[in-house]
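J.: Residue numbers (the numbering used here), protein chains in the order written: chain X, 1 to 402; chain R, 1 to 402.
I should point out that these hints are in silico values taken from the structure, not numbers from a laboratory. Ideal Cβ positions, reconstructed from N, Cα and C, are used throughout, including at glycine. A couple of the hints might just be wrong.
[Unchecked claim] Restraint-style ranges between C-beta atoms, simulated for each label pair: (1) X/Glu199 x R/Pro136: 54 to 62 Å; (2) X/Gly93 x R/Asp162: 19 to 27 Å; (3) R/Asp162 x X/Ala334: 22 to 30 Å; (4) R/Asp109 x X/Pro305: 38 to 46 Å; (5) R/Lys231 x X/Met311: 27 to 35 Å; (6) X/Glu270 x R/Pro203: 25 to 33 Å; (7) R/Gly93 x X/Pro171: 44 to 52 Å.
[Unchecked claim] The calculated SDA-like cross-link candidates involving lysine to any residue, where the alpha carbons are at most 20 Å apart (straight line), are: (8) R/Lys314 x X/Glu241; (9) R/Lys314 x R/Arg372; (10) X/Lys231 x R/Ala308; (11) R/Lys231 x X/Lys314; (12) X/Lys314 x R/Asp179; (13) X/Lys231 x R/Tyr341; (14) R/Lys231 x R/Glu241; (15) R/Lys231 x X/Tyr341; (16) R/Lys314 x R/Glu385; (17) R/Lys231 x R/Leu351; (18) X/Lys231 x R/Glu236; (19) X/Lys231 x R/Arg97; (20) R/Lys314 x R/Gly266; (21) R/Lys231 x X/Pro94; (22) X/Lys231 x R/Ala108; (23) X/Lys231 x X/Glu241; (24) R/Lys314 x X/Lys314; (25) R/Lys231 x R/Arg97; (26) X/Lys231 x X/Ala334; (27) R/Lys231 x X/Gly178; (28) R/Lys231 x X/Glu241; (29) R/Lys231 x X/Ala334; (30) X/Lys314 x X/Glu269; (31) X/Lys231 x X/Tyr341.
Number of protein chains: 2
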Amino acid sequence: MTSAVPVVPAFGDAPAPPVSSAGGAGSAGSASPAGPTRPAGEVRTAGPAGIAGTIGRQGSSSPLDEQEAAGILERARASVDPELRRAVESLPGPMRRIARYHFGWEHADGTPATGNAGKAIRPALVLAAASALGGPQSVAVSAAAAVELVHNFTLLHDDVMDRDTTRRHRPTAWAVFGDAGAILAGDALEALAQRMLAEDPHPAAAAAAVRLADCVIELCAGQHADTAMEKRGPNEVTLDEVLAMAEAKTGALLGCACALGGLYAGASEERVEALDAFGREAGLAFQLIDDVIGIWGDPRRTGKPAGADLMARKKSLPVVAALASGTPAAAELAELYGLPYEAGELERTVLAVERAGGRDWAQSQAADRMSRAMQELSRAVPDPEAAGGLLALAEFVTRRSN
Amino acid sequence: MTSAVPVVPAFGDAPAPPVSSAGGAGSAGSASPAGPTRPAGEVRTAGPAGIAGTIGRQGSSSPLDEQEAAGILERARASVDPELRRAVESLPGPMRRIARYHFGWEHADGTPATGNAGKAIRPALVLAAASALGGPQSVAVSAAAAVELVHNFTLLHDDVMDRDTTRRHRPTAWAVFGDAGAILAGDALEALAQRMLAEDPHPAAAAAAVRLADCVIELCAGQHADTAMEKRGPNEVTLDEVLAMAEAKTGALLGCACALGGLYAGASEERVEALDAFGREAGLAFQLIDDVIGIWGDPRRTGKPAGADLMARKKSLPVVAALASGTPAAAELAELYGLPYEAGELERTVLAVERAGGRDWAQSQAADRMSRAMQELSRAVPDPEAAGGLLALAEFVTRRSN
Numbered sequence: 001m002t003s004a005v006p007v008v009p010a011f012g013d014a015p016a017p018p019v020s021s022a023g024g025a026g027s028a029g030s031a032s033p034a035g036p037t038r039p040a041g042e043v044r045t046a047g048p049a050g051i052a053g054t055i056g057r058q059g060s061s062s063p064l065d066e067q068e069a070a071g072i073l074e075r076a077r078a079s080v081d082p083e084l085r086r087a088v089e090s091l092p093g094p095m096r097r098i099a100r101y102h103f104g105w106e107h108a109d110g111t112p113a114t115g116n117a118g119k120a121i122r123p124a125l126v127l128a129a130a131s132a133l134g135g136p137q138s139v140a141v142s143a144a145a146a147v148e149l150v151h152n153f154t155l156l157h158d159d160v161m162d163r164d165t166t167r168r169h170r171p172t173a174w175a176v177f178g179d180a181g182a183i184l185a186g187d188a189l190e191a192l193a194q195r196m197l198a199e200d201p202h203p204a205a206a207a208a209a210v211r212l213a214d215c216v217i218e219l220c221a222g223q224h225a226d227t228a229m230e231k232r233g234p235n236e237v238t239l240d241e242v243l244a245m246a247e248a249k250t251g252a253l254l255g256c257a258c259a260l261g262g263l264y265a266g267a268s269e270e271r272v273e274a275l276d277a278f279g280r281e282a283g284l285a286f287q288l289i290d291d292v293i294g295i296w297g298d299p300r301r302t303g304k305p306a307g308a309d310l311m312a313r314k315k316s317l318p319v320v321a322a323l324a325s326g327t328p329a330a331a332e333l334a335e336l337y338g339l340p341y342e343a344g345e346l347e348r349t350v351l352a353v354e355r356a357g358g359r360d361w362a363q364s365q366a367a368d369r370m371s372r373a374m375q376e377l378s379r380a381v382p383d384p385e386a387a388g389g390l391l392a393l394a395e396f397v398t399r400r401s402n
Numbered sequence: 001m002t003s004a005v006p007v008v009p010a011f012g013d014a015p016a017p018p019v020s021s022a023g024g025a026g027s028a029g030s031a032s033p034a035g036p037t038r039p040a041g042e043v044r045t046a047g048p049a050g051i052a053g054t055i056g057r058q059g060s061s062s063p064l065d066e067q068e069a070a071g072i073l074e075r076a077r078a079s080v081d082p083e084l085r086r087a088v089e090s091l092p093g094p095m096r097r098i099a100r101y102h103f104g105w106e107h108a109d110g111t112p113a114t115g116n117a118g119k120a121i122r123p124a125l126v127l128a129a130a131s132a133l134g135g136p137q138s139v140a141v142s143a144a145a146a147v148e149l150v151h152n153f154t155l156l157h158d159d160v161m162d163r164d165t166t167r168r169h170r171p172t173a174w175a176v177f178g179d180a181g182a183i184l185a186g187d188a189l190e191a192l193a194q195r196m197l198a199e200d201p202h203p204a205a206a207a208a209a210v211r212l213a214d215c216v217i218e219l220c221a222g223q224h225a226d227t228a229m230e231k232r233g234p235n236e237v238t239l240d241e242v243l244a245m246a247e248a249k250t251g252a253l254l255g256c257a258c259a260l261g262g263l264y265a266g267a268s269e270e271r272v273e274a275l276d277a278f279g280r281e282a283g284l285a286f287q288l289i290d291d292v293i294g295i296w297g298d299p300r301r302t303g304k305p306a307g308a309d310l311m312a313r314k315k316s317l318p319v320v321a322a323l324a325s326g327t328p329a330a331a332e333l334a335e336l337y338g339l340p341y342e343a344g345e346l347e348r349t350v351l352a353v354e355r356a357g358g359r360d361w362a363q364s365q366a367a368d369r370m371s372r373a374m375q376e377l378s379r380a381v382p383d384p385e386a387a388g389g390l391l392a393l394a395e396f397v398t399r400r401s402n
């Protein structure tokens, strides 16, 4: 399977890494990583089935492969983009310009750019969930666009708070337009998302708006936990905390996307909740993978400098797992993390995370989360045929595509 | 009239100043100020009728006085506060704590404080507009709370961008909880506002949500224009620009508050638009007054250090008017504004704005805007008796109450 090479990352705006098929039964917050060491920098290539493949296909016999997922994403992007552009074009001048830049539709100087707005995973989940629950996809296009607007509002704000200077291989909006510009453009996108649902005559629109607003609040709490944790010492953050943070920061919106699709298809409350849980678990798997990529990924693919998270002493999931491992490597890592990064320390830091089992833990946790996601999916959509689209999307980001 | 002394300011979180009864017919963006000079620091006391009194009472014979407005505000605060507190209490821990602090319900250390959340002018306008259009006030309580949440979300974010360290006589939220805390609490309040409308079963709720979202976008554009103008030279900003900015930044939400009240009362589109225009014009009047207060007001009442706007070289309305006056004082002011503030310059700066006619222009513009507001009000609510509440609120902030 060597179809479309994802230039732009999927969840968390980083492409999916390979994930070991080992593990998969670890428990949520209590897993204590201390796996075998592996040379730093090695990126393993998983088979075509990815994580989900290793834990069964829900009995589905349809050939779900990357091409299917790529097709779903492409169709989602094609459905949602016009709605998204219409919304952004309705903004007043300066807000519009910053949003266009952020979405990759314009360069910093205002000249047109070939769009590079991410893989549209979240909108695709909305549409796939609606479809899986028997609704026509077209009915949920506004909801899909609203979810994408919320995602991008949080990216704009998070980049300001985290002082991240690169996003999607380009300078972040605040780096180009200043903090105020990025904060205000984010505020405006949040408002646009809610306006889109408020204007939608669909009977599920109000319930979707409530759910999306709750999700925004959870995203804020997750980001707040993240920034607060970064201020604490390397041994003052627990694995449970960092997992809860990741669920709020990443899982919540993926869950919300799936739930909104279900709401628009008229699904029962129980199924909507199962869809939410599916998205949350898958989101956590992808965050784990994203963090692995942040350390061992190829910067040409991630769009971020190699090891940037480690240099910034970021308490990513593999790092906190490594710190919590009680190994000699954990002590070394804690010592490194106790001081600001110094040139030349990167390889040693990467190795410490690896030797303390951070990488293996993250990969095994990711597999475990995907397994739970599949269970939730079968609750939400018992018919494997109907669940195919959601499954293909979930598998998509757990595979290497080149 | 020496009723309740407003400890907390009304619009723009500063109490209303006295306004000269002179002027009142100046045109919007083209007024060229060059009035007579007046000693700096003098705060004149207007008669009980304030601006609105000087331009007629729409033939109403009911005795509208401060007590009436104070009563309306008190009842609005009493109706809206429980809704507001319920919403804030639903936030996750850290977001809730920052919001409680911002609303004045808690001290920075988390201990309870006697609420000091502002005068509730915006919620009062929502309820008064609903009432003026024949709706029961109770029907619009959610909308009133949503407007107040939006107002406070913008305060949280604006303080971050403007690096303002004091609000309502206390350190701003970012100064206590950091930028990320204030940005995220603001994001969460924006989401709460929209959730409140999305949960409201009233048939006008969706239209109100669209209007409120549009208003948020306009507020963002206004704040963006403000921050962008602050980076330009003293003679690079026109009076038209700064008036347009003030309308977007201050007028839009007051207009939206009135319009939402109308929507909830089932008013016609035309009346809703007239209510919006009433609020916008009144909002501009109050911004003019707020800027006057920022220069000539009593810091014990404004909660801000005297002349802080001038020291920060802020291009407030009286300052830009003064700069545009073509007087020798304008040249002196431009020279002062061309360089960072130096200790001891305050009195000279205040005098330059005054001599260049900035104060008189602002007061005459405020009177003019109030006159337009009254015209819009009579379009929206032809019966003066029914318009009494809105009129009382508009008058309230144009008077001294001590």
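J.: May I ask which of the numbered hints given earlier this structure violates, with the numbers listed in increasing order?
T.: 1, 3, 7, 8, 9, 10, 11, 13, 15, 16, 17, 18, 20, 24, 25, 28, 29 and 30
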